[in-house]
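Asker: As given, the protein sequences belong to chains A and B, one line each in that order. Quick note on the numbering used here: the first sequence kicks off at 210 and runs consecutively. Quick note on the numbering used here: the second sequence kicks off at 17 and runs consecutively.
These aren't lab readings, by the way, just hints derived from the structure by calculation. Every residue, glycine too, gets a C-beta built ideally from N, C-alpha and C. Accuracy of the hints is not assured; some may be wrong.
[Said to hold, decoys possible] Label-pair ranges, simulated between beta-carbon atoms:
hint, chain 1, residue 1, chain 2, residue 2, range
1, A, 250, B, 70, 16 to 24 Å
2, A, 241, B, 99, 31 to 39 Å
3, B, 317, A, 267, 42 to 50 Å
4, A, 672, B, 219, 53 to 61 Å
5, A, 267, B, 48, 42 to 50 Å
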Amino acid sequence: MSKQLGEPLLFELSRPGRKAVELPVSDVPDAPLADLLAAADFRDDLPLPELAEPDVIRHYTHLSQRNYSIDSGFYPLGSCTMKYNPKINEEAARLPGFARLHPATPPRLAQGAMRVLYDMQHILAEIGGMDACSLQPAAGAHGELLGLMLIKAYHEDHGNGAIKDTILTPDAAHGTNPASAARCGYRTAAVKSHSRGRVDIDHLRSLLNERVAGIMLTNPNTLGLFEDNIDQIAELVHGVGGLLYCDGANMNALVGRARPGDMGFDVMHFNLHKTFSTPHGGGGPGSGPVAVKKALIPYLPSGLVAKTADGAYTFEKPGPLSIGSVAAGFGSFMVILRAYVYILTYGREKISRIAENAVLNANYLRMRLGKDLDVAYNELCMHECIFTAKRQQKAYGVKAYDIAKRLMDYGYHPPTIYFPLIVHEALMIEPTETESRETLDAFVEAMQAILTEARETPELLSAAPVTTPVRRLDEATAARHPCLRWSCDVSDGANDA
Amino acid sequence: MAYIANTDADQKAMLAEIGLASIDDLFSQIPEQDRFSGQLDIPASLDQIALQKYIARLAGLNADSEKFPTFLGAGVYDHYVPPTVGAVLGRSEFYTSYTPYQPEISQGVLQSIYEFQTLIGELFAMDVANASMYDGATGLAEAAIMAADLTGRKRVLVFETVSPAYQAVLRTYLRHSAIEIVVVPNRDGAGDLGALEELLGDGDAAVLVQHPNFFGNLEAVRDIVRLAHAAGALVIESPDPISLALLDPPGAYGVDIVAAEGQSLGCPMGFGGPLLGLFACKSEFMRRLPGRVVGETKDIEGKRAFVMTLRTREQDIRREKATSNICTNVALYALASAVYLATMGKTGLREVAELSTRKAHYAADRISKIPGFSLTYPNATFFKEFAIETPALVDEINKALWSEGIVGGYALGEKRMLVAVTEQRTSEEIDRFVDVMRRTDW
C-alpha cells in the first residue's frame, strides 16, 4: 500500500475549464431552455469539480492504492465472510444483456433475467430447507426487516397481532437484529448465553410467554458455535406460538451440510455478499433474500417470479395478505446474478465443499493459533473462532485493538474485534474456505511474532500501525466536531464549546 | 476446486492437526437429526466454459438498451455511463474490500465516500449527506421516520405524484412505525397545493414530494416548502439528480431532507438492482441521520485522514435504539456516482441535462401532433419524461414498437404511457419511435 503523502481531494485537483467527457451536440431543433422548462427556477452555479480524464483516473488509482482488499491479501474479518470474489461472476455482470436491462422491460423481453430470478428463488429455498424465497431485500438487515414484517403479518392474520409484541434476540446477536425488530415496531428482550456460549435455555424459558412473536437466532451463532439445543429452542418458542427467525449471516458454515428449515426455523435471510461470494464493494451493495416455510408464503412481498405452463417466466401478482414491498425493484439483480453464477460453479455435487473447507480452515486456525492466544470457547468451532486477548491485556497492557493494529504492519487485515460483546478483548477470526493452508500458516506466524512483541516490546503494538498510509486516527475529534464534507464550515453547533 | 486451495493432502494434514479423522467429524456439533446428508435439489455443476456460454445465452434473451433503444424510465434511466466509471469500479482494491472499519488501511474507500458526500451535498445544496442508502424508495421511508422522530408528530403527507413504487415502500415501512400517511391528490400532473394547504395541520411531521415528479413534471416546490414550514412540518424531497444540473437545488429553497434515487449517476440499470439511495439533510439534523457517515480527521502525525464517524447512531453500537437498522449500504455504487460526477463535472452534467430536456421535448412535441395522441398534462412543465394519452392499448403500441426493435414506454394505464428520453437517444431513434406511433390503423 502506498505510504506517500495523502492524495488531494477531487475538489483540490479541479481547474476551471477542464472536462473528462465528450458528449454529442444536440441533434434536435434548438429551443431556448427557458421556454422548454417554463415553470423552472434555474440554478446559478453547479459547483462540481472540473478535471480531465487522466486526472480522474490517476486520482482514483491513487485512492485504490490506499486500500486493503481481498485480492491483495488475507481478510479474516469474523462474521463478514470475506471470501475470494470469482472473476467469472464479474464477467457475467458486465454483459450488457444484464447491465443495460431496464427493470420495466416487459417480462417477455427479459426472459433470461427472469430465469435467473426464478432459479435463485428455488435454489435459495432449497439450500435453506425452506418452501419459498423473496429476493427483494437489498442487504442482510433489510432481509431481517422483511422477515420480521412477515412474522408480524402472520400473527396479525391469526388474530394475535396485538398480543405478540416482543422479539427475543441473544445477547451475542448482531446489532442489526434488535435494530430491525425495533424498526418493525417490536419491543426486544435479550436472551443470555450460558457458559458454553449457547442460548441459556433456562433464561429463554423465563422470557417465554404469549407476548413473544419470535426469536432471532444466528446459527451457528456469533461465537462460531452451533446452537446444539436448537430443536429444544424451536419446540419452546413454537410452544408459545412464536416463530423462529434465522439470521443467515453464518450460512457459510452450513451450505449443503445443514439447513435452517430442517431445524425448525420458519424464516431466514441469506447474505449473498457473504455466503455466495459477491463482492462487498467497500460496504455494499449486498443482497438479503428471505426464505420462508409454507405458512408464511401468503405474506411475501411483490416481485416473485413464477413459471407458466408453457415455460415462460412472469411476475406473480401479490396476494391480498402480502406485506407490500420493501424496495422499489425486485431485488439486487446484479448481485443475485453473481451469486447464481457462483452456485452453478459448485452445483449440487460440490456445494458442500464450501462449508467443509470453511469449517476445516477455522478449526485449523483454532488449533494452531490456540497454542499462543486463548480461545474463548475452546471446543470444535464452525466457520469462525473467537479468541480473547484478556490474558495479554492483563499481563502486558496490550489490547485486542493493539494486536489488530499491529497486524496491519504485518500485511494483514485485522480480524473483527470487540464482537461479540460478551467476550472480553475479542478477536473474531473467520478464514473462509478460499484461503490456503500456507496463508493460514503465515498468518499464525505473524500472530505469534506479534504476541512475542506483546511480551517483550509492547510499545511496538501501542504505536502500531507504522507502515500504513495513515497511522492511528483521532476518532474522538471526528465525532465531536464532525466535518462531513470538504467545505468544512458545517457543524450542528452542539459541541463547539 | 478453482476457489478452494485445499488439496486432499492439505485436508488430511489439517484434520490431523485438529485431531479429527474425517471431514464429517467437523460437523459433529450439529445434532445428527439436524444435519443434511442428501444431495440438494439444485442445478448440477457447470465447467467455466459451459457456464460462460449459458450465462451469455441468458443475457442474449434480454432486450437491453445497448441493442435496442428504450423509452422506459419511471425511476430508472438509460443515461450514458462514461468509461471512467467501469475502469474505477473494476479495480478490485475497491470492489473486494469490506466496510472501512479499519481506517488506516481503508483510506481509499473512506476518502471516496467523503468526496461522494461532498459531491452530493453540492449537487443538492444540502449541508450533509450520508454514505448512501439502498435506494431512493427506502431512503424516502427512512426520511419520513426521521422526520417523525425529529418533530414528534405521527403523520406524513405524500403527493399522489410521487412514484407509486416509492409510495408502496413507504406504506410498508410506515405501517410498522405507526406513522399515518395521507395522500395529497394529483391535479393536472402536479401536487394539488390547495388540497395540501387544507390538509396540513400541526400533527404533520413532513410533506413528501418528488421533483420532477413520477410523471416527469416539475412541482411548485417553493410553495410547498412555504406551506409545510408554516405548519411546522418538514419537507422531504426526492429530486432527479440529473435535473439538478439545471434546476434550483433543494437546499436553495429550504428543503429539510433529500432522499433521492441516484441510479442515473453512472450506475447500471441492472434490471433494477442494486440501486443507489442518496440521502442528505440540514446540519441540525445530522445526529439523527440513518446509515454510515464519513468525516475528516487527522492521524497522530497530523496527516489528513478520513474515518466513519457519528457511530453512536448506528445499529452495531446502539442496537434497538439506533436511528435505523441499515448496515450494508451501496458503497460501490456511491463510488460509481462520484466517478460519474467527477467525469461529467460542471459542464458535462449540464450537457446531459440539457440534451435530455431538448430530446424529450422534441419527442413530446412530435407525438402530441399525431392524431389520436395527446399530452396527458399539456399545461405542466416536464423535464426528461412525459405522459401521453394513446388511441390504442399501450401494450399494443409497445408490441408494434418492438417489431421495429424499439422498447416502448412505461404503461401508466391501458391507454396512458410514460415516455422517458435521455441524452442517449438520437433524433433518428426518436423519429422511428414517432413513426411507429403515426400508424393510422390503431
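Asker: Each of the hints needs a verdict: does it hold here or not?
Answerer: Going down the list of hints, with the structure as the test:
no., hint, result
1, 250/A / 70/B: 16 to 24 Å, "violated, 52 Å"
2, 241/A / 99/B: 31 to 39 Å, "holds, 33 Å"
3, 317/B / 267/A: 42 to 50 Å, "violated, 24 Å"
4, 672/A / 219/B: 53 to 61 Å, "holds, 57 Å"
5, 267/A / 48/B: 42 to 50 Å, "violated, 59 Å"
Of the numbered hints stated above, those contradicted by the structure are hints 1, 3 and 5, listed in ascending order.
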